[in-house]
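Hey, can you work out the whole structure from these sequences and the hints?
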Amino acid sequence: MSDLPDTDFTQRFLFDDRDVRGEMVALERSYAEVLAKHDYPQPVKHLLGELMAAAALLVGTLKFDGLLVLQAQSQGPVPLLAIEYTSEHDIRGLARYEAEQIKADASLADLMPGGHLVLTIIPVNGQRYQGTVELDGKDLSECFTNYFVMSQQVNTCISLTADGTRARGLLVQQLPAEIHKDSEEREESWAHVKALANTVKIEELLGLDNETVLHRLYHEDAVRLFDIQPLRFRCSCSRERSGNALVSLGEPDAKALVAECGGQVEIDCQFCNERYVFDASDVAQLFAGGGTEAPSETQH
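By the count of the numbering used here, the sequence shown reaches residue 300 at its end, each step adding exactly one.
Watch out, some of these pointers could steer you wrong.
[As the list claims (entries may be wrong)] BS3-like, lysine-lysine: derived pairs with alpha carbons at most 30 Å apart:
{"no.": "1", "residue 1": "Lys-37", "residue 2": "Lys-103"}
{"no.": "2", "residue 1": "Lys-103", "residue 2": "Lys-138"}
{"no.": "3", "residue 1": "Lys-255", "residue 2": "Lys-63"}
{"no.": "4", "residue 1": "Lys-138", "residue 2": "Lys-255"}
{"no.": "5", "residue 1": "Lys-138", "residue 2": "Lys-194"}
{"no.": "6", "residue 1": "Lys-103", "residue 2": "Lys-201"}
{"no.": "7", "residue 1": "Lys-37", "residue 2": "Lys-194"}
{"no.": "8", "residue 1": "Lys-194", "residue 2": "Lys-181"}
{"no.": "9", "residue 1": "Lys-138", "residue 2": "Lys-201"}
I should point out that these hints are in silico values taken from the structure, not numbers from a laboratory.
Rendered as structure tokens:
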């Protein structure tokens, strides 16, 4: 991904004199790719951007090979927000919404009342992990901060923002005691970092580079900023995976589905709007072990 512009990336930082680490995320091109797939209302665009930024920050706190899935669910005007982020730094996302119920100034509580957040980690090797947290904060920043403090027992402070064009995020997190082993000193050190993190302004996150933001917040601290880690929008759908979904139905049911659909089955990807079409010849080839290359003249 080295050929991509530096518009989409995460960047770690570390306090030399404190047991605290941090991470920042910037999303523009990948954010635009996600928004381009659907005509989302502005409040939904903001929530999607914030959740994308949160996913990127969360992966930075983990060491795993696999997939992170974030799903915010509710019975409100936005019943679902879903973000998938891989350890290869590929991201995709979508939202389901009822446009006529969404006001221009809608808050998280308006859009997803009584909602909850489901975090799922699907490693290539090892056991699947799932955690749930209520969406009871005033915004997603507060909800994710609560998740770490209450569910993971790790002092964390997260700020998320998005404006429909750019999405940004800042995370600071306490590390195991190495520098400040005295409990009172450790508590004071974390209180200092957290208090300053909470002063960051939306305009600063959206308009300034990471180095400038960190200097404004922590100019009296020794902070090391590491190299950026690029990320990108990429959908994992494919004609092969769609064909495998048909195969999983079994041959009789797959053929019956084609007949019910008038001779062609259309499988749409909700993330990127790509459409995969299979006719009777395609399905016959799938079950003959011939793969997903179309044997007929049907356009796919």
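Check: Taking each numbered hint in turn, which are not upheld by the structure, reported in ascending numerical order?
Finding: 3, 4 and 7
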